[in-house]
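In this text, residue positions in the sequence shown follow the numbering used here: the first is 1, and each later residue adds one.
None of these hints come from the bench; they were simulated from the model. None of the values given here were measured: they were computed from a predicted structure. For glycine and all other residues, C-beta sits at the position ideal for the given N, C-alpha and C. Careful, some of the hints might be misleading.
Here are the simulated distance ranges between beta carbons [said to hold, decoys possible]:
| hint | residue 1 | residue 2 | range |
| --- | --- | --- | --- |
| 1 | Lys40 | Gln126 | 20 to 26 Å |
| 2 | Ile123 | Val63 | 27 to 33 Å |
| 3 | Gln126 | Ile56 | 22 to 28 Å |
| 4 | Ile93 | Leu131 | 24 to 30 Å |
| 5 | Gln38 | Tyr95 | 24 to 30 Å |
| 6 | Gly81 | Gln126 | 16 to 22 Å |
| 7 | Gly81 | Leu133 | 14 to 20 Å |
| 8 | Asp3 | Ile93 | 16 to 22 Å |
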Amino acid sequence: MYDAIQLGPLTIQYFLIIAVLSFLLTYFILEAFLKDSQVKQFFQQHYWTIVFILFITYKFSIVLFRPKLLLTNSWLFLSGGEKGIFLGFLFSIIYIIWRGKRSQVTFKTVFIVFGQTVICFSILYQLIKILVLSIF
């Protein structure tokens, strides 16, 4: 799973390719299947912000978990690993609850949006991972 593809001077991990494809497909699938309602509107407004929070937390959580690596390696190529993903997931939950309270959306709506997104992303991630790793 930690293999990478070399594109000129760039090295891109398969994990990042699979994650980006999963995020894109999740957005388009939920966009198509959600009815026009408060749930769809809340989803459209905050989906990419949550993805951004996940990515930034994943990349920069190395500062919290292993700060010594920042002095020895180029910090642009480091990632937070599994702990970084979980921290990003926690920050995403905090953000979506905060935005839900601020925009006076019911907790049920927030829970439905987050639940549908996580389930759809998880299924797509596993399917794309199987597909990509069977090809490469």
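Hint check results:
About 25 Å separates the C-beta atoms of Lys40 and Gln126, a value consistent with the hinted range of 20 to 26 Å. In this structure the hint that Ile123 and Val63 lie 27 to 33 Å apart at CB holds, the actual value being about 32 Å. At roughly 24 Å, the beta-carbon separation of Gln126 and Ile56 lies within the given 22 to 28 Å, and the hint holds. Ile93 and Leu131 have their C-beta atoms about 29 Å apart, which keeps the hinted 24 to 30 Å range intact.
A hinted range of 24 to 30 Å is violated for the C-beta pair Gln38 and Tyr95, which are about 18 Å apart. Restraint check, Gly81 to Gln126: a C-beta distance of roughly 19 Å satisfies the suggested window 16 to 22 Å. Roughly 19 Å separates the CB atoms of Gly81 and Leu133, a value that falls within the hinted 14 to 20 Å. Roughly 31 Å separates the CB atoms of Asp3 and Ile93, a value that falls outside the hinted 16 to 22 Å.
Going down the numbered hints, you'll see the structure goes against 5 and 8, while the others check out.
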